[in-house]
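Read off the chains here:
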Amino acid sequence: MNLNLTRRRFIKGVIASGAAATTTGVWVAANGASRPAGAVERMIRININGQVRTVDVAPQETLASTLRYKLGLTGTKLGCNRGECGACTVLVDDVSTYACSVLTHSVKNGRVETVEGLEAADGTLHPVQQAFVEELSPQCGYCTPGQIMAAVGLLRENPSPTREEARMGLSGNICRCGSYDSYLDGVMRAAQIG
Amino acid sequence: MPSYDVMPNMELYQPVRVEDALDIASRYADRGWLVGGGQDTYGWLKDRAKSADALIDLSAIDELRGVRETAEGIEIGALTTLTEIAESALLKQSYSVLSDAAAVVASPQIRNIGTLGGNVSQDVRCWYYRRGLSCYRAGGNLCYADTPQGMNREHSLFETSRCVAAGASDTAPALVALDATMVLRSVDGERTLSAEEYFVGPAVDIENTTALRDGEILTAVRLPKAWANAEFYFEKVADRNVWDFSLVNVAAAFKVSGGNISESRVVCGAVQATPRRLTAIENAIQGKAKGAVTAQSVAGMASEGARALAHNGFKIPLMENLVKRAISA
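For the record, the sequence lines run as chains H and X. Take 698 as the starting number for the first sequence in this note's numbering and just add one per residue. Take -15 as the starting number for the second sequence in this note's numbering and just add one per residue.
Heads up, a few of these hints could be off.
Cβ-Cβ distance ranges computed for the label pairs, FRET-style [stated by the list, open to error]:
1) X:Asp228 <-> H:Cys874: 14 to 24 Å
2) H:Cys874 <-> X:Glu174: 47 to 57 Å
3) H:Ser857 <-> X:Glu47: 33 to 43 Å
4) X:Leu126 <-> H:Gly838: 41 to 51 Å
5) X:Gly297 <-> H:Cys874: 35 to 45 Å
6) H:Met885 <-> X:Gly124: 47 to 57 Å
Hints are computed from structural coordinates only; laboratory data are not their basis. Computed from a prediction, not measured in an experiment: that's the story for all the values here. For each residue, glycine too, the CB sits at the ideal point set by N, CA and C.
Construct the entire structure; sequences and hints are all you get.
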């Protein structure tokens, strides 16, 4: 028996049932008169990677929490959880954003893209992903999803950046392995692949 | 002291009209927390160093966003992001000291979501205060930073009063240099303050860094035509180029005619809780040629009255040299 898999399934199960229980509670509250007028409704619909997902989101919940613990999109990593490392970078309406430092409710009307949404349906990698593979950009890989999303955001705004512009574009993402030059090689190659 | 991944439970309001936001802010008063981009909010709440009953998220109020030309100059909505300010053609052309300042705040992702109103209204930097210790600023009767063992390399040189924490906004000194007007609204109406009046030090109010009262919202910042297209200088010195707060920054505006300075506003940030306007320097350089000679002759005045703590003495020559560069440029 694969112990890791079992543990992972167990945790996922707990999260799923917890979310279901909370949903029921909120449904009652939302229909009751006790809610202060004007406060947000917890059940929201949000566009993630082109799919509209319905999810129960606490008022103070960050986008990183919703993605990882409600929707199972664990590609978005939490490093510092304080907007100081960039591992949780996602795109909101094409703009790179720290998912740990934005409320899910604040971006519920936007288009959220995470690293899971980049691969094409037939399994073809996004040019940035392909370039990062070819340039051996990551070392340990923990910061990679954030680096990828920052690079995708940069290339959407500026499809052929100079190396200096790419350096600025990725300056909000820390790599503790120090693989910065390899990431920049990857961005420059991705710009060529288009 | 424990640290947490999530914020404690609280209400969240997302008004789309200023009037509704003002109603909610007035109702919650000191238990409501205004959120622009939230970049100086979530850390406080995650750390349990401060709390609120309700977050009032202003980011959905469209009328608080954007850079507009008016008859008197330019009006910037308080919710305009720092990226929008850094890239605004209007500002880059006529008030580049502000767009230059916005361009070096924190990191790209933080500038994408952080707002002008939030950047200038952010709380002071002090690890003891931000870690939730009961210091003067937090309502206690002790300062942890100004002690023989205290880590105060980033703290203030001037205008300390019990609290020695420094403000570290990059855009705040630029607004003072531009003689900006801050527009504050509440359910009772609108009032305006000069940028200099908006920022308050610990001697006046030890628990707040701005004149914003409970229930009030900073809705806009107005830049006067009088300073459009002046000669500007902005420079920030920090330990690293991204994320880090200023150790010292300088924002300056000069009106120059025939090579001589007719009027100027020279402001340093991160040397006290509020932006420090260097009026002695402004008076000394009036009528003098803008350049290295004048800069050399007055630079020493920049730090007059400074009282260094155990570890921040380096800020004195740093400040003098930044002012020298601003006048030489």
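* Asked: Taking each numbered hint in turn, which are not upheld by the structure, reported in ascending numerical order?
  -> none
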